[in-house]
Each structure stands twice: as C-alpha cells, then as structure tokens.
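Trainee: Sequence:
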Amino acid sequence: MKKFILGIALGLAGIVSVSAQEFTFAEEFVNPDTNDVVIDYGTIENGADGQRTFVFTNTGAKPLVISRVQTSCGCTTPEYSKEPVLPGAEGKIVVKYDTKRTGPFQKSITVYSNAEEAGRKVLKIKGTIKS
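Per our numbering, the very first residue in the sequence shown carries number 15; after that it's consecutive.
If you're looking for bench data, these hints aren't it; they were derived computationally from the structure.
Note that this is a predicted model, so its numbers are computed, not measured.
Backbone N, C-alpha and C define an ideal beta-carbon position, used for all residues, glycine too.
Take these hints with a grain of salt, some might be off.
[What the hints assert, rightly or not] Each pair of labels, with its calculated beta carbon distance range:
hint, residue 1, residue 2, range
1, R115, Q84, 16 to 22 Å
2, T142, T67, 18 to 24 Å
3, R82, E104, 17 to 23 Å
4, N128, T67, 18 to 24 Å
5, N128, A62, 32 to 38 Å
6, P98, S145, 40 to 46 Å
7, K96, R66, 41 to 47 Å
8, S95, A62, 24 to 30 Å
9, Q84, E130, 18 to 24 Å
10, N128, C87, 37 to 43 Å
[To be verified] When the alpha-carbon atoms are kept at most 25 Å apart in a straight line, the in silico SDA-like pairs for lysine to any residue are as follows:
hint, residue 1, residue 2
11, K110, G141
12, K121, G61
13, K140, P101
14, K96, K121
15, K144, Y126
16, K121, A75
17, K121, S95
With these hints in hand, go ahead and build the complete structure from the sequences.
Mentor: Here it is as structure tokens:
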C-alpha cells in the first residue's frame, strides 16, 4: 500500500513539474489586432525622457527566469531583474530609448526566458521624436 501511495505521489509530482511556464503582459501593452506587445511613445520632444516599463505577470506554475534581453540597436537599453519571478507575481522590463535622435522610430526588444510557450518573446517600442 505504501508503494502504491508513493507511486501516485511521484506521478502527481511529475505532472506538476511539466506544467506550462508562461508570462503575460498587461493589456495596455498588447495590440488586440496583432497580439504584439508594444509601447507607443507617441510624439515626444527631442531629449525627452525615453524610459518606459513593460509590466508582465508570471502566469505559469514555476518561477520565471529571464536569461537575457537583447535590443535591435544600441540606442535602446534594457534593464530587468535577474531574480526569478514567482508564479502569480509581476515583473518589469525597463527600456530606455535615446531620444537625442529625431524622426520616427520602431525598435524591438527580445526577451529570452524559461517560459515553455514563449521562451523568446519580442517586445516593441515605437514613436516619433520632434526635431
């Protein structure tokens, strides 16, 4: 009987350990037509504050670990916590765009994590800087 109970317990532990790991971004960042995750700066002044924050929730059953964040150019700098984001908790990815440039821009930020459904998630920023 003990072996039977132990077998069931180990089986359930195995099922829990393969639960999907996911994270979702706040609705304000998600384009409902394309499902892209975007922050639109709109039109801003040259030299204005270029820092924006993507907020996400770990909707998986295990801690979410972001292994790296890569930008499409050196004009965009990311910051993120190296600590695991626990299930149900919020995390943040802060991006800073160099607003000393002028004209329209659209950049991508690629987030690499242990999420099974979206281990590589592309975020976008866009806007226009007045000259």
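Trainee: Starting from the hint list further up, note which numbers the structure goes against and sort them upward.
Mentor: 7, 10, 13, 15 and 16
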